[in-house]
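Protein sequences, first through last, are from chains A and B. Each residue of the first sequence is one higher than the last, beginning at 1 in the UniProt record's numbering. Each residue of the second sequence is one higher than the last, beginning at 1 in the UniProt record's numbering.
The set of hints was computed from the structure by calculation and includes no laboratory data. Bear in mind that the values here come from a model prediction, so they are computed numbers and not experimental data.
Listed next, the in silico DSBU-like pairs over lysine-lysine satisfying Cα-Cα at most 30 Å (straight line): (1) Lys322(A) x Lys30(A); (2) Lys17(A) x Lys72(B); (3) Lys338(A) x Lys322(A); (4) Lys52(A) x Lys322(A); (5) Lys31(B) x Lys52(A); (6) Lys233(A) x Lys204(A); (7) Lys265(B) x Lys30(A); (8) Lys287(A) x Lys129(B); (9) Lys53(A) x Lys30(B); (10) Lys338(A) x Lys163(A); (11) Lys151(A) x Lys129(B); (12) Lys265(B) x Lys17(A); (13) Lys83(A) x Lys211(A); (14) Lys287(A) x Lys265(B); (15) Lys52(A) x Lys30(B); (16) Lys31(B) x Lys61(B); (17) Lys53(A) x Lys31(B); (18) Lys17(A) x Lys61(B); (19) Lys318(A) x Lys52(A); (20) Lys300(B) x Lys182(B); (21) Lys344(B) x Lys287(A); (22) Lys318(A) x Lys204(A); (23) Lys72(B) x Lys61(B); (24) Lys265(B) x Lys366(A); (25) Lys151(A) x Lys265(B); (26) Lys30(A) x Lys366(A).
Computed far set for chain A versus chain B, every beta-carbon distance over 10 Å: (27) Pro49; (28) Asp152; (29) Ala162; (30) Asp173; (31) Glu176; (32) Thr199; (33) Trp203; (34) Asn309; (35) Glu312; (36) Asp326; (37) Lys366; (38) His376; (39) Gln400; (40) His403.
Backbone N, C-alpha and C define an ideal beta-carbon position, used for all residues, glycine too.
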Amino acid sequence: MSVFGDVPLAPPVAVFKLSADFREDGHPQKVNLGVGAYRTDDCQPWVLPVVKKVERLIVEDAGLNHEYLPILGLPEFRSASSKVALGDGSAAIKDGRVGGVQALGGTGALRIGAEFLRRWYNGVNNTATPVYVSAPTWENHNSVFADAGFKDIRPYHYWDAAKRGLDLAGLLDDLEKAPEHSVFVLHACAHNPTGTDPTREEWKQISEIMKRRSLFVFFDSAYQGFASGDLDKDAWAIRYFVSEGFELFIAQSFSKNFGLYNERVGYLTVVARDSENLSRTLSQMEKIVRTTWSNPPSQGARIVSKTLNCPELFAEWKSNVKTMADRVLLMRDQLKAKLQALGTPGTWDHITQQIGMFSFTGLNPKQVEYMIAEKHVYLMASGRINMCGLTTSNIDYIAQSIHDAVTKVPQCRS
Amino acid sequence: RLATVTQIISTAPKSVNHKDVNPWVLPVVKKVERLIVEDAGLNHEYLPILGLPEFRSASSKVALGDGSAAIKDGRVGGVQALGGTGALRIGAEFLRRWYNGVNNTATPVYVSAPTWENHNSVFADAGFKDIRPYHYWDAAKRGLDLAGLLDDLEKAPEHSVFVLHACAHNPTGTDPTREEWKQISEIMKRRSLFVFFDSAYQGFASGDLDKDAWAIRYFVSEGFELFIAQSFSKNFGLYNERVGYLTVVARDSENLSRTLSQMEKIVRTTWSNPPSQGARIVSKTLNCPELFAEWYSNVKTMADRVLLMRDQLKAKLQALGTPGTWDHITQQIGMFSFTGLNPKQVEYMIAEKHVYLMASGRINMCGLTTSNIDYIAQSIHDAVTKVQ
Chain A
1 MSVFGDVPLA
11 PPVAVFKLSA
21 DFREDGHPQK
31 VNLGVGAYRT
41 DDCQPWVLPV
51 VKKVERLIVE
61 DAGLNHEYLP
71 ILGLPEFRSA
81 SSKVALGDGS
91 AAIKDGRVGG
101 VQALGGTGAL
111 RIGAEFLRRW
121 YNGVNNTATP
131 VYVSAPTWEN
141 HNSVFADAGF
151 KDIRPYHYWD
161 AAKRGLDLAG
171 LLDDLEKAPE
181 HSVFVLHACA
191 HNPTGTDPTR
201 EEWKQISEIM
211 KRRSLFVFFD
221 SAYQGFASGD
231 LDKDAWAIRY
241 FVSEGFELFI
251 AQSFSKNFGL
261 YNERVGYLTV
271 VARDSENLSR
281 TLSQMEKIVR
291 TTWSNPPSQG
301 ARIVSKTLNC
311 PELFAEWKSN
321 VKTMADRVLL
331 MRDQLKAKLQ
341 ALGTPGTWDH
351 ITQQIGMFSF
361 TGLNPKQVEY
371 MIAEKHVYLM
381 ASGRINMCGL
391 TTSNIDYIAQ
401 SIHDAVTKVP
411 QCRS
Chain B
1 RLATVTQIIS
11 TAPKSVNHKD
21 VNPWVLPVVK
31 KVERLIVEDA
41 GLNHEYLPIL
51 GLPEFRSASS
61 KVALGDGSAA
71 IKDGRVGGVQ
81 ALGGTGALRI
91 GAEFLRRWYN
101 GVNNTATPVY
111 VSAPTWENHN
121 SVFADAGFKD
131 IRPYHYWDAA
141 KRGLDLAGLL
151 DDLEKAPEHS
161 VFVLHACAHN
171 PTGTDPTREE
181 WKQISEIMKR
191 RSLFVFFDSA
201 YQGFASGDLD
211 KDAWAIRYFV
221 SEGFELFIAQ
231 SFSKNFGLYN
241 ERVGYLTVVA
251 RDSENLSRTL
261 SQMEKIVRTT
271 WSNPPSQGAR
281 IVSKTLNCPE
291 LFAEWYSNVK
301 TMADRVLLMR
311 DQLKAKLQAL
321 GTPGTWDHIT
331 QQIGMFSFTG
341 LNPKQVEYMI
351 AEKHVYLMAS
361 GRINMCGLTT
371 SNIDYIAQSI
381 HDAVTKVQ
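Chain A extracted, bound-state conformation (with noise of 0.2 Å):
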């Protein structure tokens, strides 16, 4: 009799089950349009040509041991990690009440954040305090919370079916409803798996709601730079955020706009309302790694550090990432042409109109059936695609896919 005789059979995470299931198929014309990872043209992972020169340099400066970083991670990484989100003039920064914690990927940040909330946020050890995410949002949400202690993880109004947009009403009649101090994790740009962001205005609105009625923010900024090729552009929410006054949770992942993936690099920015507030704060998300990874890995944050730390560097990035986010737009355009062309039921706006790595196509789950079984394209169930699977080379395949899609199988109603 084993010790672990009765534990259960965990199902496989979705996403990378999809993967699984595309590697085992031989069909010479399949396309992987589900895990969220940028290919190039050629559909081949693309190591950052900057990434790829400051690996070199790291590789050759004697200088560099493999000591312990400090708990809360790299500190050049910290400060940079805080500007690039912030901006490099930003008053918060100079005010000294920003800090944070280097965290594994935006996975890593999210869960300190979340784990020290549910900690010493709203009360102590107050686990029922509410902690919103959007409907729908990226599958992980909800379990990092759930595993951090919260109990009451529920939907806000997001994604609009019918119109295929945001449910902005919806949205703010839940921001209105919810508990004074719920926590709301807003996603900064390119919504995952939508696509679809506030635009200013109705970030205003939402705004305005939240810090009248003492909503807790936390952002997931995992895309900054990626969803439109300009940092700035990218961070326009949660600057607008911060001079708004809140104190806030930034959860950055330098996975996709370094295309870093495998070295987890990501960063939990923390505004407070002054550095005192902000030292208590850290000392205590310190005690949090201290059981988790106790201090966190160097090569990637000294990756980014490096680039966004050097003008020459900085440029050289800001250029691959245009690179990446250019030739998302690209096939954005592409499909919806293509689409429009072919004549395929029902309007592809939303294509060009949805903003980063995914698009939240409408198809409905037997159209997502058809199109793995029958057409060998594999696609998240929710209708959800990764833009970066589309190349030059596939892009007809993909747009006739879609198109036999939804001539052949029925529409849901919506």
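Let chain A serve as the given structure and place chain B on it in line with the hints.
Here is chain B on its own, set in the frame of chain A:
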């Protein structure tokens, strides 16, 4: 923490210091880092949630041995983790959720008295409510309190979790002998206690990987299902790349699969998938015979320097006629030595001598060098003779 006084010596941090009191990047690590940066076939795509496959298999082999029957039987697997801490945390989270019932936060977890100061917190943050000490260090005899330890094993509730140090016990440097391990094993098997090894110093303790893994391998050969939290921070000098592994030994592959599937869920909400760089370095090294031999030699260099410092410190204290016996300095093993200095003597060492050590009297032998050993010996002598 360190002021700029010339004679300041920190013996507190856990990193290895080469004889010039500098951190040491192992030559084999430097070599492999170059190979990695030049390898155009590598990219930065996400690793699987459980980690780099070649790292995972190599890690289990290093712990259990090349010829491990358990590995051949397909009942050994594991999780690439963020150093030893991350491995402990994943193991602890899993046990809290799925061991001895579902979400049984009341299962007692025993840690040695004393132990690494983070053990208690890791298990507490994983949700365990009842973390207890087991007898270990006998301050009077400066050695293992075997009777107390065995008694705790006999009295612990069945299915309790015991965190055992595989070798080079931190902070005491005092390990059970092989005979003593057999006694421990006998009771643990009879009383269905769960074995959770913390293995942070394999190779580093004696210079011999197999010797340092004897206890682990003995328990596996005795049929235990167990966890091993392995750290490659010390034996690869890769402290800041966070390279660790949680080896899982189960009765059979089917139990192993279900266990690993639940560990995937735990990883997914903690760090999602692990960092690549350190795992690549370790994996390339362990899987290539030439590099493996070079690494082994680098490890022996570190272990030998520590052994030399132990010999010399004891000799100098004896030459100074420092009161007390100092045999424990050479009997203890690994990075740390429990000097036996009391808290007041420790305060004196820090305040008057600027020799930094832990309040428990623990020193990091790696902080000793040929340049500072006389100063340290004299400081200990003064502490012992002037402070009671």
